[in-house]
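Student: The whole structure should be built from the sequences, with the hints applied where relevant.
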Amino acid sequence: MSQSKFLETPKGRRLAYHLSEGAGPCIVFLGGLKSDMMGTKAVFLEEWARAEGRAFLRFDYSGHGESSGSFTEGCIGDWAEDTAAAVAELTQGPIMPVGSSMGGWQALLLARAQPQRIAGLVTIAAAPDFTEDGYWASFTEAQKATLAQTGQVELPSDYMEPYIITQRMIEDGRNNLVLRTPLDLPFPVRFLQGTADTAVSVSTAVRLLEHASGPDMRLNLVKDADHRFSDGVCLDLILAAVNDVLNASR
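In the working numbering, the protein residues as written are 22 to 271.
If you are wondering where the hints come from, they were derived from the structure by calculation, not from laboratory data. Note that beta-carbon positions come from the ideal geometry of N, C-alpha and C, so glycine has one too. Treat the hints with caution; some may be incorrect.
[What the hints assert, rightly or not] Straight-line alpha carbon distances no greater than 25 Å define the calculated DMTMM-like cross-link-like pairs of lysine to aspartate or glutamate that follow:
{"hint": "1", "residue 1": "K26", "residue 2": "E153"}
{"hint": "2", "residue 1": "K165", "residue 2": "D205"}
{"hint": "3", "residue 1": "K32", "residue 2": "E102"}
[To be verified] Restraint ranges, calculated between C-beta atoms of paired labels, are given here:
{"hint": "4", "residue 1": "A217", "residue 2": "L176", "range": "14 to 22 Å"}
{"hint": "5", "residue 1": "K26", "residue 2": "N196", "range": "25 to 33 Å"}
{"hint": "6", "residue 1": "V223", "residue 2": "T167", "range": "26 to 34 Å"}
Tutor: Spelled out as structure tokens, the structure:
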């Protein structure tokens with residue numbers, strides 16, 4: 022596998038990335054919270070894109086993977102800046118974001134900010150507004166007090182080591198919510214969601230579908246699929262969704 026390249030952003034962050042040249046629209050994979058660009062879904066899609074001669078970009082947000090910074094210093098807005106910088110500097114013309122978990126929220130933020138660049142959109146267990154509706158809404162009074170006193174709180178995860186959630190992440194998340202105001206997605210959109218996902222609920226996926234507006238939007242619920250959504254069947258479903266959006270956007 023090729024070595025990562027690095028992009029210096031206007032905010033002074035150093036982002037690791039892999040870019041495959043090819044036909045557009047460029048597929049931009051946006052990973053989840055504390056995930057990196059070496060994940061199964063990102064590498065699978067890159068291999069497919071290379072075989073098809075299609076442009077593909079994957080990268081690590083700051084505080085993730087090979088990029089600069091630490092995770093606890095980051096927040097949703099920082100990673101949205103990273104995404105915007107990567108798209109601006111490394112891609113040209115139409116793009117098709119594929120966002121997984123927190124990357125789904127990032128994809129929606131990107132689509133809201135730059136709808137003219139988006140040919141279509143795919144999300145996998147998208148987690149919009151999770152800092153408010155997931156973390157803050159579920160915090161006990163003791164956790165809220167700890168957050169106020171120490172600036173952070175530790176949360177267990179079913180999928181990796183515990184998350185350190187900071188006060189800054191919560192406060193910044195409130196500046197980037199997408200389910201409280203109109204969300205127009207005027208291009209083909211496919212949402213994928215597993216019914217056995219313990220990190221993002223089916224109700225969240227349905228809420229996103231019902232909240233967003235657009236001419237061609239579908240939600241595919243996959244029975245017993247979990248948050249990883251990365252076994253062979255799920256990878257095939259992701260690829261089918263990507264191809265469906267590409268065909269619909271022509």
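Student: Against this structure, judge whether each hint is valid.
Tutor: Structure-based check of all given hints:
no., hint, in the structure
1, K26 x E153, "34 Å, violated"
2, K165 x D205, "33 Å, violated"
3, K32 x E102, "8 Å, holds"
4, A217 x L176: 14 to 22 Å, "20 Å, holds"
5, K26 x N196: 25 to 33 Å, "31 Å, holds"
6, V223 x T167: 26 to 34 Å, "30 Å, holds"
Checked against the numbered hints given earlier, this structure breaks hints 1 and 2; the rest are met.
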